[in-house]
Amino acid sequence: MAKLHRNITPPEHLSRISLSIGEPKHPTPAFIQEAITNHLDGLSTYPTTRGEDFLRESITTWLTRRFAPGTGALDADKHVLPVNGTREALFAFAQCIIDRSKDPLILMPNPFYQIYEGAALLAGASPWFLNTDKANSYCPDFEAVPEEIWKRCQLLYLCSPGNPTGAVLSSEQLQTLIEKADQYDFVIASDECYSEIYFDESAPPTGLLSACITLGRENFDRCMVFHSLSKRSNAPGLRSGFVAGDAKLIDTFFAYRTYHGCAMPPATQHASAAAWADETHVIQNRQLYKDKFDAVLEILSPVMDVTLPKASFYLWQKTPIDDQLFSQKLLEQKNVIVLPGSYLSRDTDQGNPGKNHIRMALVPPFKECVEAAQRIRELVTSLN
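If you count the sequence shown from 1, position 90 lands on 90 in the working numbering, and the numbers rise without skipping.
Note that these hints are calculated values from the structure, not bench results.
Just so you know, these numbers come straight off a predicted model, no measurement behind them.
Watch out, some of these pointers could steer you wrong.
[Said to hold, decoys possible] Derived CB-CB ranges, DEER-like:
#1 Leu297 / Glu88: 32 to 42 Å
#2 Asn384 / Thr258: 19 to 29 Å
#3 Asp278 / Thr307: 27 to 37 Å
#4 Lys102 / Asp294: 42 to 52 Å
#5 His5 / Glu57: 42 to 52 Å
#6 Thr307 / Lys248: 37 to 47 Å
[As the list claims (entries may be wrong)] List of simulated lysine-lysine pairs, BS3-like, C-alpha gap at most 27 Å:
#7 Lys310 / Lys25
#8 Lys151 / Lys102
#9 Lys25 / Lys367
#10 Lys318 / Lys290
#11 Lys318 / Lys102
#12 Lys3 / Lys310
Note that beta-carbon positions come from the ideal geometry of N, C-alpha and C, so glycine has one too.
Sequences and hints are given; from them, build the entire structure.
Right, dumping it as structure tokens:
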């Protein structure tokens, strides 16, 4: 991005609006901040890698209510491990479970969150990309994966709701993948950090653990989910999340993390437990995003084929010209920054599914999102 924009001078009369980074900008709830300041006395002791009981219990209560209601399948002592945000956990998990002596593959969607590729390469595995595009509703075509690829697969990264597309895998798709994991002996790592940003209160996105429960698979074998407070609670600076699933994988990951040196600070644990226990602020957060999507889609729909994603705070939008050139023109003429789609994806034999797309993160305040949409509309109109 820096190279792309190096020689561009934006118009000085227009304020800079950045839609390029998926960093939540809504205020962090006051009760989360208060929980930190009220528990600074914990700085005098080393935190434990497994986290305090009250935190794992708060996570388990939320996780059960959200994805396994009416069951007692999830055990706070066996199935849950706090982490310092999903980014470090998604990366470290691959380092922990990949056997590099067996020419391993790590499968991942394309376009994708860049941590998946980096984790694969640094774990000694090769990434294998599953293209997603409008024709397949932005969900990977798992049935098109050759058997020889499944046989080499040791880890499958999922992202549902998806970054950058907002697509959501169905319970049936997840159940099919669980059966494939049994058949070919690989692990599923489901990145669900956008699961709480959706727009139909009657239809929250399902998750991998829910699919396990549907199958009667209450040991969650070969399945691990990753959740975070960054998007759900507007607390990216808290660096707080958790992994949950297969007790054997939890034990393995826990052992790795005792060497990794990444225990969650005590004050962060108290703030996190409070956040997982409260849903009011999450509902309010969803409404803020829905209001922005409604306004932006109304502005852009006359000039672009835009639709509301199933979840997440991204618009994944096709561009009328090359995505990098569009990004340059948008900054040069309108002082708005968006992320070229080709930067989020890799070339494959089937092409680059991010080409001629941009990702717009509707994270700035409402007025800025509206202003950005109006400027984008002006550029598209001039191009047309």
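Comparing the hints with the structure gives:
no.: 1; hint: Leu297 / Glu88: 32 to 42 Å; result: holds, 34 Å
no.: 2; hint: Asn384 / Thr258: 19 to 29 Å; result: violated, 58 Å
no.: 3; hint: Asp278 / Thr307: 27 to 37 Å; result: holds, 31 Å
no.: 4; hint: Lys102 / Asp294: 42 to 52 Å; result: holds, 50 Å
no.: 5; hint: His5 / Glu57: 42 to 52 Å; result: holds, 47 Å
no.: 6; hint: Thr307 / Lys248: 37 to 47 Å; result: holds, 41 Å
no.: 7; hint: Lys310 / Lys25; result: holds, 21 Å
no.: 8; hint: Lys151 / Lys102; result: holds, 11 Å
no.: 9; hint: Lys25 / Lys367; result: holds, 13 Å
no.: 10; hint: Lys318 / Lys290; result: holds, 21 Å
no.: 11; hint: Lys318 / Lys102; result: violated, 39 Å
no.: 12; hint: Lys3 / Lys310; result: violated, 33 Å
Going down the numbered hints, you'll see the structure goes against 2, 11 and 12, while the others check out.
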